[in-house]
Amino acid sequence: DTEVTQTPKHLVMGMTNKKSLKCEQHMGHRAMYWYKQKAKKPPELMFVYSYEKLSINESVPSRFSPECPNSSLLNLHLHALQPEDSALYLCASSQDRVLGYEQYFGPGTRLTVT
Amino acid sequence: SQQGEEDPQALSIQEGENATMNCSYKTSINNLQWYRQNSGRGLVHLILIRSNEREKHSGRLRVTLDTSKKSSSLLITASRAADTASYFCAPASNAGGTSYGKLTFGQGTILTVHP
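Those protein sequences? They're chains A and B, same order as listed.
Here the first sequence is numbered in the working numbering, starting from 162 and rising by one per residue.
Here the second sequence is numbered in the working numbering, starting from 982 and rising by one per residue.
If we strip away everything but chain A, and leave its shape as in the complex, we get (with noise of 0.2 Å):
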């Protein structure tokens, strides 16, 4: 099993709402990653897990909060989000995150904030 998977594909929220993004990977894999992309640009680190642990957080404003439970899954909790917060959120994860290891994707949620 090669997948990363992300739920929800679409989520619609107001500004003052408070929702997660999951992500699940069932290939062993250590280190998990957001991203962040906005319409027509590359995507943009937000938060590295390897072992469980944060180890990067690129700094992301507090409304956004990693969180992960075991190394399966990857979840980001969202809370009092802007509109310009308006993104495809991508989770990808790697075998390690040693550099040389390639990075698996899910398919992103497309999130709008209203």
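Just so you know, the hints here were simulated from the structure itself, not pulled from any lab data.
We put the beta carbon where it would ideally sit given N, CA and C, even for glycine.
Just so you know, not all the hints are guaranteed correct.
Using C-beta positions, here's what the derived DEER-type ranges look like [as the list claims (entries may be wrong)]:
1. B/ARG1061 to A/MET176: 27 to 33 Å
2. A/VAL259 to B/THR1093: 33 to 39 Å
3. A/GLN243 to B/GLY1021: 18 to 24 Å
Based on these hints, arrange chain B on the given structure of chain A.
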């Protein structure tokens, strides 16, 4: 920033033709990866070339790496309409001198292959 810069930004060709995309980067790398993204979907890893390699093949894909010029190219031969997608290069470099690293994606090349 280690972000790759890609050229051209957009490429439009006919089926059967070859497509070449170029990527330049600024500092030393451990490896460079190429990814494809179909419209609004997740990225798919195409090929990884290490800094001590000069050329790598995978099916109809050929990637070259010139570390002296800090550049890489992706060649897709005998293109098909299904190759229509955005293609990103991602130089991978050490973070803070450790063996850990991160990918920084270039702006991408939008390839359109007309049937």
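Results for each hint:
no. : hint                              : result
1   : B/ARG1061 to A/MET176: 27 to 33 Å : violated (44 Å)
2   : A/VAL259 to B/THR1093: 33 to 39 Å : holds (36 Å)
3   : A/GLN243 to B/GLY1021: 18 to 24 Å : holds (21 Å)
In the structure shown, a violation is registered for the earlier hint numbered 1 alone.
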